[in-house]
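Chemist: Work out the full structure: start from the sequences and follow the hints.
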Amino acid sequence: MRIISVIKKDILEGIRNYRFLIILAVFAFFAILNPVMSKYVLPELLKSQFQGISQEMMSAMVDMSQTGSIRSYLGDIYEMGMLIIIFVLCGLISSELKDKTLIMPLCSGKSFGHIIISKFAVYSSVVFFCSIFGAALNYIYSSLLFSSDLPSIVPIVKAGVLEGVFLIFIVSMLILIGTLTEKPILTGLLTLTFILISGFLGSSFKQQKFTPSGLIEEAMKLSSSSVFNTELIQNVAIILGAAIIFIILAIMRIKRLELTNR
Amino acid sequence: MNVLIDTNMILALIPIFIFQLLLAGYCIFKIVKDGTANLNKLAWIVIVLFFNLIGPIMFLIVGRRKDI
Amino acid sequence: MKEGHMKEGYMIEVKNLNKVFKNYHALKDISIHVNRGEIYGFLGHNGAGKSTTINILTGLSKASSGKCIVNGIELSDKTNPGDLCIGYLPEEPMFYSWMTAKETLQYFGENKDGCSRKRVDEILEWVGLTGAAKRRVGGFSRGMKQRLGIGAALINDPELLLLDEPASALDPEGRSDVIKLILDLKRRGKTVFFSTHILNDVERVCDRVSILSQGRVLFEKSLQDLLKENVQPVFDIKLKERSDTALEESIKDISGVIKTEILDDLLSVWVEDTEKVSRELLYLLSKSSSYVSSFSVRSKNLEDIFLEEVKGK
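Chains as they are written, first to last, in my numbering: chain A, 15 to 276; chain B, 9 to 76; chain C, 3 to 315.
No lab work stands behind these hints, which were simulated from the structure alone. Hints are not guaranteed to be accurate.
Covered stretches of chain A (chain C as the covering partner; in silico rule of three or more C-beta atoms under 8 angstroms from a C-beta of chain C) [as the list claims (entries may be wrong)]: (1) 27 to 34; (2) 116 to 123; (3) 268 to 274.
The beta-carbon is built from N, C-alpha and C at its ideal position, and this holds for glycine as well.
Modeler: Below, the structure written as structure tokens:
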């Protein structure tokens, strides 16, 4: 299998350029920080801000339960986590096109398809498993600080999976836009704009099942009951389908590119 | 602000503290040993120490020397 | 012998190749061919279109019109550069800065049948990078990258090598290494197509050359014929004394001599046929009292021919 050598190279690149480390650190950081914030720091801050605030008022403003803490973790990953991941991975393909580093591998026998598929496979797996890892870590740590109010770990793992699918979509989008623009920063900005606009449109027209941020909304419900409801499966299928289509488009696009200086 | 100080809270913060320390420590080790790009060493050390998470990430992506 | 030698036809055949960028006609009706097993020099100024042509031959860039056959495969929009089984050295080879030299070659060499460590070490030795094998490419100098690029082009042992300015970025020692390497490749039966604007290199190794100017091929010839055609029927004789009129007069008497000319210590003799006159001329010189420091037939070198051709158009 010729693709194995490309995958090996992408894994080595992820390690040497600290991409894997950073992604893992982002999840671990928010997973540990959030329970502490919602248990100790936020209530104290509110107390000092609004003198003589009643317990009821406070619980209405911040959800000081385990569920609330996990929700705020998922929200943080959607905002800050996504931002950092886009920043780290925006050069995934665009910087290779910009720096012309693909010319020598291609002429020595690597194929366009393998190069794109390998990148997608490696980084999808990383964001997907880091997302599940982060959710699980967050669950464990918040269980230590709060009285457990969730029936099982299932809704958290489900939330991790959904957020993972969302991030897989982002990876595919970074690859496609990277082949179109060939500029890392522009790629990141366009991807971010797309996610924000599609999220806004989805929520204003109540069509979240077609948008990537719909997955996040579903994850934050933390419901354990309806793991296999049709709407959710539809949503996941639409987003994964779109990711695969993006990858196919990216391969078609990169084959038509002139990889030379002029 | 002495209301903020709470032994339980400090205990809960220990993991995040260790995490920060490891990340920042590794970055500073690299800054001192290999040198930096785009900004000078002192600036990067300040950034790494005073910006949680974002500082070390910025350093690892744009501040690292890639030509050694 | 390998299969490649058995194949019929030219190694590279280009017919009426055109390349048009947005508002710039870079290549105009290029037609050239490269035989199997020869070293082909592709000459021209910077910006004449050499790199553009090579990019098209590697499959990285697409022709606007025309037909190219490389290594038995006709190039089309769907050609994948990797399918051509060529070794390509770009003008400025770019590598992953986080890989070591050894890993880079290993990565480029790992294809259908894998790449043995022995082969990687052999190539590193060949291009003189054994000492830097475990260093990251990000810290390499321009010349070291060039050497690594040559290694990368050779790693899959291709039958055809396309080298874009292989020697330009190197110091004199590195240049002569590259020339030796190219000759070595020819001995192994490989075909080498290389572009350059350093004509000294070409004179030392090429079998055939073509000259490109402003996107057009001026001519395509074997180097031997080219130099033979440009031999002039003039003897240049360098004397120790300034002017030896007696000698000049006696030379004028030789049948076949058209005219003579003295410029400082240089005595030039125009003749009808160099071969017929040379014996008699040498005899005269040996008898003369003047000290002769050099005696040669005037011929244009490649540089003169090149400049003349490019200016003429």
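Chemist: All hints, please: hold or fail.
Modeler: Hint check:
For the stretch 27 to 34 of chain A, the assignment as covered by chain C holds, since 3 residues bring a beta-carbon within under 8 angstroms of that chain's beta-carbons and 3 suffice. With 7 residues having a Cβ less than 8 angstroms from any Cβ of chain C, the stretch 116 to 123 of chain A passes the three-residue criterion, so the hint holds. Requiring three or more residues with a Cβ within less than 8 angstroms of a Cβ of chain C, the coverage given for the stretch 268 to 274 of chain A holds, as 5 such residues are present.
In this structure, every one of the numbered hints holds.
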